[in-house]
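S.K.: Here's the letter readout for the chains.
Protein chains: 2
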Amino acid sequence: MGRWEPNARGRLEQAALELYVERGYVQTTVAEIAARAGLTERTFFRHFADKREVLFGGAGTLRELMVGAATDAPDSAAPIDAVAAALRAAGAMFEERHDGARLRQSVIAANAELQERELIKLASLGAALAEALRGRGVGDPAAGLAAEAGIAVFRIGFEQWINGPGEPSITQVLEASLAELKAVLAGGGSGSGARRPPHGP
Amino acid sequence: MGRWEPNARGRLEQAALELYVERGYVQTTVAEIAARAGLTERTFFRHFADKREVLFGGAGTLRELMVGAATDAPDSAAPIDAVAAALRAAGAMFEERHDGARLRQSVIAANAELQERELIKLASLGAALAEALRGRGVGDPAAGLAAEAGIAVFRIGFEQWINGPGEPSITQVLEASLAELKAVLAGGGSGSGARRPPHGP
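In order, the protein sequence lines correspond to chains U and R. Numbering of the first sequence is given in the working numbering, commencing with residue 383 and proceeding in unit increments. Numbering of the second sequence is given in the working numbering, commencing with residue 383 and proceeding in unit increments.
Certain hints may be false.
Taking lysine-lysine pairs in the BS3-like style, the calculated list, with each CA pair at most 30 Å apart, reads [said to hold, decoys possible]: (1) Lys-503(U) <-> Lys-433(U); (2) Lys-503(U) <-> Lys-433(R); (3) Lys-503(R) <-> Lys-433(R); (4) Lys-564(R) <-> Lys-564(U); (5) Lys-564(R) <-> Lys-503(R); (6) Lys-564(R) <-> Lys-503(U); (7) Lys-503(U) <-> Lys-564(U); (8) Lys-433(U) <-> Lys-564(R); (9) Lys-433(U) <-> Lys-503(R); (10) Lys-564(U) <-> Lys-503(R).
Honestly, the hints are just simulated from the structure, not real lab data.
Bound conformation, chain U alone (with noise of 0.2 Å):
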């Protein structure tokens, strides 16, 4: 067993991610992200089963800790309210993250791969939301729709904060996402209502 390397797997992530971006996904090698990262091959093969899950390691954890949060939602919480507490675990995960989120964002925007890559995940968080909305005694079609409603406002808001500054914070974007999407539903929305006239009001 190698030594202990000080955040090898962040440098790891780190270094891939500085690759796919100037050399694009396809052409980067495992041993060119380890020589990047000061590590060896070794050592990224045990943080990693291969260059993609550079990118889609941390699937596993968001769905966890989304699933979790709607799970452990008070009991009077109402299905959206636990959604929104998915939404806020989620925001809580990506905080401090706003470089690293943007970087891979380009990375998957290039590659039609790494695309169906995200859009498989995303509908596998959808799925894991439902169920644990389910778990709470929601019914159906109610659970499916307030999950894909959260993963709507995962999706356009995560988009929204990685295009932007970083402020407000992803949290703060995904629950003004939200408080948006509650108000299309209600026949609003913001800068639209009814079409605009070509000319202005």
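Assemble chain R onto chain U, guided by the hints.
M.R.: This is chain R only, laid out in the frame that chain U set:
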């Protein structure tokens, strides 16, 4: 050019779905599909690029119908009402197609690659719907959120309709599903509300 074959496309679709269910999608060949339909391979390729397109050839039509309906909704329509119009257009496309839709879904459910393709189709549909809403002057993130809400309603309503007897109609199921999503976002949701106690109320 071969002679005109009455309803060749429909016969090929039916034959393909039957074979995909009986033998599996991967195992089925275009030659077998054509033979089952009593047509030639040449006729098959006049209608479909490959055997996957039998399952996804309707995606373009669905997108056009939904985008067209959202775009053509009255100027006074709120974003979610434009989405409701898109859902009605989708419903109209699938009325009378319950058996085929159910067969298709069972083929897709049995194959991971087809499931990915279906996720990509829905993501692309959501992006097109969001763009149609922006064309109506709806701002972001409302456009993206309203579109994603529409896709969530479509996915979950469609699944519910397919797993049922076909009545109520897909249009009615989608309308009820949208109403349910509105209720969920307003803090309710049928069969839900707060967590139910383990031994009933």
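S.K.: Each hint: holds or not?
M.R.: Now the hints, each set against the structure:
no., hint, in the structure
1, Lys-503(U) <-> Lys-433(U), "17 Å, holds"
2, Lys-503(U) <-> Lys-433(R), "27 Å, holds"
3, Lys-503(R) <-> Lys-433(R), "17 Å, holds"
4, Lys-564(R) <-> Lys-564(U), "8 Å, holds"
5, Lys-564(R) <-> Lys-503(R), "25 Å, holds"
6, Lys-564(R) <-> Lys-503(U), "26 Å, holds"
7, Lys-503(U) <-> Lys-564(U), "25 Å, holds"
8, Lys-433(U) <-> Lys-564(R), "42 Å, violated"
9, Lys-433(U) <-> Lys-503(R), "27 Å, holds"
10, Lys-564(U) <-> Lys-503(R), "26 Å, holds"
Of the numbered hints given earlier, the model fails hint 8 alone.
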